[in-house]
Amino acid sequence: MIVANGIRMHYQWMRASGADTEPPVVVFVHGLAIDSLASFYLTLAPPVAAAGIDAIAYDLRGHGHTEKPGDGYRVGDFVADLGGLLDALGVHQRVHLVGNSFGGTVAFAYAAAHPDRVASVVSIEAEPPTEPWAQRMRAMMAEAVEKLAEEGAFARIAEAFGTHHARLAAAGLKRLTSATMIEELPTGPLLDLAGLRAIRCPVLSIVGSEGFQQDDLGALERALPDCRTEVLAGQHHSVLVESHRTIRDLLLRWVGEHAGTPAGAR
Amino acid sequence: MTDETATIADGPVLDVVSGMVRELLGGYDVDDIEITMDTTFHEDLELESIDLVVLADRLQQHYGEQVNLAEFLADKELDEVIELTVGALVRFVASRR
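These protein sequence lines are chains A and B, in that order. 178 is the number of the first residue of the first sequence in our numbering; add one for each residue after it. 400 is the number of the first residue of the second sequence in our numbering; add one for each residue after it.
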């Protein structure tokens, strides 16, 4: 636990094994509502650390074991948390941000605001905070809350997917509705075209062919100055949990290719 | 899983793991919860993945760096992590300490 940006944040730092003086640093940013740092800590962090890279994962505000303030859930608050965490941990070198779903949105927003602190972004089923993103978020969160509020919703989830998923859904609903997340989150601040061009670092966008970007898998690559897309065939939005070994291999290769980006080079 | 019987070597580890799990669960009457080698973390104890992260921390503090639960779980499929039993974890710890 560490205090950053005024809140108590839960983080885990898995040190690079056999590291030289300054190993590359990967910071994992998890997704919304039902997610926590565990999704990364129990999948990608160990092989990343074993490959000689420092792996830092943290719980977003309102999630996992990080403090859950009653409000302060704009994308900008999450961006300030990430900056505060890196400062508090004394990480001053450029970091590789790896974000899953909403965590990728936070990573993009951070990279746009602090290009001098980011070596690269690896986005997993994620997109930057733009107006179309905000509209989709509003619609998705409203639909999720409405569906879960229906009578017998959790029993149906338990029957179809098991009690573990039903419990996750119940916890996610509580998280979305007990704070002002639903109202605040889509308010950004949002990036316009100039804002997207401010994301100058190299970006690897990993998407499932059946995921949230299935209607236009190349949209991000066209919108960003330096973006490469990896489409995982047959995969859905949950590609991180379904294909973490494939993503591990892509990530290790990516960091290897971009480990030497010196400060201020871009 | 019917063969999750604790051997003599597993016994002390089971006691330590059970103690850590009770601490994680907190609240009242945790001493009354029966924790055996067959107990599952998610279904029986209703622990979330984030609790496994804390458990990983405590195991490493207790037994040393070589007991790396995160590394152990990173090799598994999601279903295997969801179905993880206390026994599987105890065996892993016993094999590493």
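Check before you lean on any hint, since a few could be wrong.
According to the in silico footprint, chain A covers these stretches of chain B (three or more CB under 8 Å from chain A) [what the hints assert, rightly or not]:
| # | region |
| --- | --- |
| 1 | 447–459 |
| 2 | 475–487 |
Away from chain A, derived, C-beta distances all over 12 Å, residues of chain B [said to hold, decoys possible]:
| # | residue |
| --- | --- |
| 3 | Glu-422 |
| 4 | Ile-432 |
| 5 | Tyr-462 |
In silico negatives: residues of chain A with every beta carbon more than 10 Å from chain B [stated by the list, open to error]:
| # | residue |
| --- | --- |
| 6 | Thr-198 |
| 7 | Gly-365 |
| 8 | Ala-410 |
No lab work stands behind these hints: they were computed from the structure. Just so it is clear, the structure is predicted and the values come from calculations on it, not from any experiment. A virtual CB, placed ideally from N, CA and C, is assigned to each residue, including glycine.
Okay, the hints, checked on the actual structure:
1. 447–459: Three-residue rule met by the region 447–459 of chain B, so holds; n is 8.
2. 475–487: holds (count 3)
3. Glu-422: Its Cβ never comes within 12 Å of chain A, the nearest being 14 Å, so this holds.
4. Ile-432: holds (17 Å)
5. Tyr-462: The assertion about Tyr-462/B holds, with a minimum of 17 Å to chain A.
6. Thr-198: Non-interface label stands for Thr-198/A: nearest chain B Cβ at 21 Å, farther than 10 Å.
7. Gly-365: holds (27 Å)
8. Ala-410: holds (19 Å)
In the structure shown, no violation is registered for any of the earlier numbered hints.
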